[in-house]
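Participant: The sequence shown maps to residues 24 to 211 in this note's numbering.
One or more of the hints may lead you astray.
Stated by the list, open to error - In silico EDC-like cross-links for lysine to aspartate or glutamate, where the CA-CA straight-line distance does not exceed 20 Å:
| hint | residue 1 | residue 2 |
| --- | --- | --- |
| 1 | LYS183 | GLU172 |
| 2 | LYS125 | GLU172 |
| 3 | LYS58 | GLU172 |
As the list claims (entries may be wrong) - What follows is a set of in silico ranges between Cβ atoms, one per label pair, in the way DEER data are often shown:
| hint | residue 1 | residue 2 | range |
| --- | --- | --- | --- |
| 4 | LEU136 | LYS183 | 21 to 31 Å |
| 5 | THR174 | GLN117 | 24 to 34 Å |
| 6 | GLY195 | TYR93 | 20 to 30 Å |
| 7 | GLN117 | PRO82 | 24 to 34 Å |
| 8 | LEU87 | LEU197 | 23 to 33 Å |
| 9 | TYR93 | PHE150 | 13 to 23 Å |
| 10 | PHE150 | LEU84 | 12 to 22 Å |
| 11 | PHE150 | LYS178 | 31 to 41 Å |
| 12 | ASP91 | GLN154 | 14 to 24 Å |
| 13 | LEU87 | TRP180 | 29 to 39 Å |
Bear in mind the hints are in silico, worked out from the structure with no lab data behind them.
Cβ atoms here follow ideal geometry from the backbone N, Cα and C, with glycine treated the same way.
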Amino acid sequence: MILLNKLITPCRQKKQILSTMISPASTPTKSVFSKGYFCLGVLLLTAFALQEFGNWSWPWLAELQADDVYKQLSGLALVGFLVHQWHCSLLRNQGLMQKAAKLLNQHKLLGALAPVFFYAHSQHIGFAYLQALSLVYFAIFLTGLCNFEITHIRKHWFRKIWITAHVGLATGLLFLLGYHIFISYAYQ
Numbered sequence: 024m025i026l027l028n029k030l031i032t033p034c035r036q037k038k039q040i041l042s043t044m045i046s047p048a049s050t051p052t053k054s055v056f057s058k059g060y061f062c063l064g065v066l067l068l069t070a071f072a073l074q075e076f077g078n079w080s081w082p083w084l085a086e087l088q089a090d091d092v093y094k095q096l097s098g099l100a101l102v103g104f105l106v107h108q109w110h111c112s113l114l115r116n117q118g119l120m121q122k123a124a125k126l127l128n129q130h131k132l133l134g135a136l137a138p139v140f141f142y143a144h145s146q147h148i149g150f151a152y153l154q155a156l157s158l159v160y161f162a163i164f165l166t167g168l169c170n171f172e173i174t175h176i177r178k179h180w181f182r183k184i185w186i187t188a189h190v191g192l193a194t195g196l197l198f199l200l201g202y203h204i205f206i207s208y209a210y211q
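Given these sequences and hints, build the entire structure.
Facilitator: And the structure:
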């Protein structure tokens, strides 16, 4: 038994040395793809971008989106989605960090579905203020996807800049969304 232990110990030490010698550049790739929400988000964004820049659309969905009742219901679903996403931030602002931490994975997974919620409401990003609204929406989505967990930037300054950008854009979206709702009902 002692002989077996002497043979195994050097092997364990070699594995430890090898694991510390792996370059840091090779580890984030494995970690990025182990985060399912990231892959899902990139896939959905790519699909949306392809149809947007390829000027493709689904005629049956365009017909649905032309219906006022569908527009209102899909818009309500989109607002519900955004309210749910804000829940995490509101809990943190109230000092309820443990409750916010429990919701964080759900926040990330639902955030990865943001292009689907957008697409259900509109197949295109629009023009003028609608384009600004759409671009801010997708900027929030991208900052959410490229968080410090994915980028592996553990610097305190990056976390501050990232959270300021993510929440700041989300706050700006609320004003654009309010304007969109006002315009939608004012000109009917």
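Participant: Does each hint fit the structure? Answer for all of them.
Facilitator: Evaluated hints:
Restraint check for LYS183 and GLU172: the C-alpha separation of about 14 Å stays at or below 20 Å, so the hint holds. With a C-alpha separation of about 16 Å, the suggested pair LYS125 and GLU172 falls inside the 20 Å cut-off, and the hint holds. At roughly 9 Å between alpha-carbon atoms, LYS58 and GLU172 fall within 20 Å of each other, so this suggested pair holds. Checked against the hint of 21 to 31 Å, the C-beta distance between LEU136 and LYS183 comes to roughly 27 Å, which is consistent with it.
The hint said 24 to 34 Å for the Cβ distance between THR174 and GLN117, and at roughly 28 Å that hint holds. Judged by the Cβ atoms, the range 20 to 30 Å given for GLY195 and TYR93 holds: they are separated by roughly 27 Å. Roughly 46 Å separates the CB atoms of GLN117 and PRO82, a value that falls outside the hinted 24 to 34 Å. At about 26 Å, the CB distance of LEU87 to LEU197 agrees with the hint of 23 to 33 Å.
Hint check: TYR93 to PHE150, Cβ distance near 21 Å, so the stated range 13 to 23 Å holds. The beta-carbon spacing between PHE150 and LEU84, approximately 19 Å, falls within the hinted interval of 12 to 22 Å. Range check, PHE150 to LYS178: Cβ separation about 39 Å, and the 31 to 41 Å hint holds. For the hinted restraint 14 to 24 Å between ASP91 and GLN154, the CB-CB distance of approximately 22 Å keeps it satisfied.
At roughly 46 Å, the beta-carbon separation of LEU87 and TRP180 lies outside the given 29 to 39 Å, and the hint is violated.
Checked against the numbered hints above, the structure breaks hints 7, 13 and satisfies the rest.
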